[in-house]
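Construct the entire structure; sequences and hints are all you get.
Residue numbering for the sequence shown follows this note's numbering, beginning at 18 and increasing consecutively.
Rather than coming from a laboratory, the hints here were simulated on the basis of the structure.
Per label pair, the in silico range of CB-to-CB distance: (1) L27 - I52: 21 to 31 Å; (2) E19 - I52: 16 to 26 Å; (3) E66 - T24: 40 to 50 Å; (4) S69 - L27: 45 to 55 Å; (5) H55 - K22: 23 to 33 Å; (6) H68 - L27: 49 to 59 Å; (7) Y28 - E62: 46 to 56 Å; (8) L27 - N50: 21 to 31 Å; (9) I56 - T24: 24 to 34 Å; (10) E60 - V34: 30 to 40 Å; (11) D57 - T24: 30 to 40 Å.
Under the rule of at most 25 Å between Cα atoms (straight-line distance), these lysine to aspartate or glutamate pairs were calculated in the DMTMM-like manner: (12) K31 - E21; (13) K35 - E19; (14) K31 - E43; (15) K31 - E19; (16) K35 - E21.
Yeah, the Cβ is synthetic: ideal placement off N, Cα and C, and Gly gets one too.
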Amino acid sequence: KEIEKYTSMLYQNKIDVKTILVAHLEFLNHQRNLISTHIDLIEQELKKETHSK
18 KEIEKYTSML YQNKIDVKTI LVAHLEFLNH QRNLISTHID LIEQELKKET HSK
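Next comes the structure, spelled out in structure tokens:
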């Protein structure tokens, strides 16, 4: 949905490519942080399970 909005804005010359790329980069960095947090939590749980057996 956001991509469609950015694309139409780009065609209307209301936004430049760099702005779009920066927005995507921020989004991807946020996703990476979430994934890293999830990985850490899963690893911690697995370590607990391993030690408790």
